[in-house]
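2 protein chains.
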Amino acid sequence: MTGKVLERESLHACLDSPVMGSITFLNEVMGRFPDAISFAPGAPHTAFFDDIDIPLHIARYRRYLEEERSLTPAQVDRLLYQYGPSRGLINELVAQALRTDHGIDVPEESVVVTVGCQEAILLVLRTLFTSSRDLLAVANPCFVGLTGAANLLGIDTVAVDDTEECLDFAQLDEVCRRARASGSRIRAMYVAPDFSNPSGSRLGLAARHRLLAVAEREDFLLLEDNAYAFTATDAAALPPLKALPGGERVVHLGTFAKTCMPGARVGYAVADQPVRQPSGGIGLLADELATVKSMVTVNTSPISQAVIGGILLQHRGSVAEAARAKSELYQRNLRVLLHALDRHLGEGARAPAGVSWNRPRGGFFVRLRLTVPADEPLLERSAKEFGVLWTPMSHFYIGSGGDHQLRLACSYLDPEQIEEGVHRLARLLRAVCP
Amino acid sequence: MTGKVLERESLHACLDSPVMGSITFLNEVMGRFPDAISFAPGAPHTAFFDDIDIPLHIARYRRYLEEERSLTPAQVDRLLYQYGPSRGLINELVAQALRTDHGIDVPEESVVVTVGCQEAILLVLRTLFTSSRDLLAVANPCFVGLTGAANLLGIDTVAVDDTEECLDFAQLDEVCRRARASGSRIRAMYVAPDFSNPSGSRLGLAARHRLLAVAEREDFLLLEDNAYAFTATDAAALPPLKALPGGERVVHLGTFAKTCMPGARVGYAVADQPVRQPSGGIGLLADELATVKSMVTVNTSPISQAVIGGILLQHRGSVAEAARAKSELYQRNLRVLLHALDRHLGEGARAPAGVSWNRPRGGFFVRLRLTVPADEPLLERSAKEFGVLWTPMSHFYIGSGGDHQLRLACSYLDPEQIEEGVHRLARLLRAVCP
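Same order as they appear, the protein sequences are chains U and F. Residue 1 is where the first sequence starts when you use the working numbering, and the numbers rise one by one after that. Residue 435 is where the second sequence starts when you use the working numbering, and the numbers rise one by one after that.
Worth double-checking, as some hints may not be accurate.
[As the list claims (entries may be wrong)] If you anchor each label on the Cβ, the simulated ranges turn out as follows:
1) F:Val806 <-> U:Gly21: 38 to 46 Å
2) U:Glu9 <-> F:Glu850: 57 to 65 Å
3) U:Gly183 <-> F:Gly788: 50 to 58 Å
It should be emphasised that the hints constitute simulated quantities derived from the structure, not laboratory data. Heads up, the beta-carbon is just placed ideally off N, CA and C, and yes, glycines get one too.
Same shape as in the complex, but just chain U (with noise of 0.2 Å):
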């Protein structure tokens, strides 16, 4: 390793967004204390793995284009070999998985298939976003890949605290007005309705309604992320936001990440947008996400498609069914690690004051709150001393905010872990809260 020496102050400053460094920290952290129990990483169980077969999966996939659609071997060949459209090749099978599981009814032209929802989330703000008059509305604290997308992109945030149940919907009022005060606008707000990704929190059906016609009256589009609508029990889920009437506002982003498996890296945007054309024609939101795809990842891999089409058309095209244990999973891993904190933190365990937290209903994620600040010296402490890891919610959350909160992730432990980890927690927290 030779030659000149570049500072880092002179490359993007995307790299200098506070949640990057933290995720360095929290890696190292977890690297030193590798027998920690860690309510840190929110990746899937490892369990599933074994249900997978690649080979299998893409058979059935190929199988599918011969017999379904009448493709030849050469011609399923050439589909997953060579390079593909931008838009993507299972578009069908998304679009038929929408409306089997969310009641989201589009036309397979308004899928765009991605590396992952973090090529969607990229694709939607290039394309939404062109001056630095267009603000981006989020609700507070946010997953840290919008964050960073925004920060690559150089768009200006703005937070709006999500509470249990709803969005502080004054707060967002009074953005929007500040936005057309100072000459900006909100052009588009981001949430994630369903167990949020830091927070747990969910938007009740209510405030979904809310929303939708507080986006109608401000004239902005909605991106709304449902990554974990899925670990929702049948007779607690809601509607998407994109259900809903009102639902043309709303951009649609999914993974398959935590319903298939992550290593396929396949995401998707749902836009059915109507967009005028120079030329006078309407094309869809859509074709223009796959434009700017063209330009960041050309197309996503045909081979990972053909992994995420098996598996689909193994479970009669529902992503409901084919991720049904895995939401089991999750809800048990969730029951156990609120039930440990009733034991071990509840009324009547001896427990330290003011710690409190929330009860989502699915997803990934609680946040629990305390009197002193969780953060990075505490989470040292607590991996030196106690043997148990946790991610500050600080690092999810835009500006300042979070300082004495934490989110504890269930779904990659199993029940031993979450329970001892908890017994872990508690021990910690008796010995710091006053």
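Once you have looked at the hints, place chain F on chain U.
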């Protein structure tokens, strides 16, 4: 499809880059004349798809992980099916191939595995370009993926004409001088030294040394795209910029699309430049690229990486060996194309006046110069009356230029098609050239 119509003008300007309209036009013409012989697509030949065996390639990579890296089958499952590191999984194999094939000797830590070369380009541009004072110099005409990524990020490009064996160095000097005079600077220059897309030009050895010297003097980085280097015969191979003295200034970019298969969507960036961190420690530019990647696609599909890893292992870690038969086929196609041009358009063949072409010794492309405009009306007539398609070279020019040139791609065709296609092209040119 209901709701408010978005105006295309209200979306990001990268959608309006002329090249996107051109691609749409070209696809539309190809759609209307499916029986025309098309010299337009620069896609890999499908002959090699018979050799692709996804389960076998993945199994070979699995075995490598188990036997050479001593991982258990469960650990391998986790590596292939779970989220993975942004920098990649097969970095060691990529670094080994670069050493074996090109004499590029870099640590595996300097490699980032990307979703095709396109993502590598985007990551490098995003990381390096921070202000509107940073200009990207580009060998002109230029690969549309580079132009697209620059437009997406709002990076201004300045063109430097390529010539058959060289760049216009006087123009490059002038470009640097003017940038300085206006308070800007050339931050980096993009070149594809070996048989570039679209012109087929190749930088001679002296020009490579000279370019490295200019980069040193003017203090900019070179972004070297080696997509077509593998098509050179062994006897004709030239060392990449990255392997020459001064190569510390080179970020080397590549793809396995042409050498292995497009459908895996795997490429890479080699960025061993040292970066001083705010903490004072020294990292690699590759680390920064990986951080930016976490905001674009998170990580490249491990399944896709396993496919490419398996193919590399099958050929003793050498891309050159994996691609030998492909290189031979493209060499043959190029010979057939040049012979056909000689026969149908050369001296003594009732050749229309002023038609000339270059004679690349590798790559997929030949540049043909006419005395009449090689524009869309001519392409329309070419397709309709003569049954042959090609790409107007003006599509690839930064700014104006190339109006009287066209690109012929020979990678995707068979010899008889090339022969017949040139025959048809000659009839067109005899009809339109004065």
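The hints, checked one at a time:
1. F:Val806 <-> U:Gly21: 38 to 46 Å: Violated, at about 59 Å.
2. U:Glu9 <-> F:Glu850: 57 to 65 Å: Roughly 59 Å apart at Cβ, these two residues keep to the hinted range, so it holds.
3. U:Gly183 <-> F:Gly788: 50 to 58 Å: With a Cβ separation near 56 Å, Gly183 (chain U) and Gly788 (chain F) satisfy 50 to 58 Å, so the hint holds.
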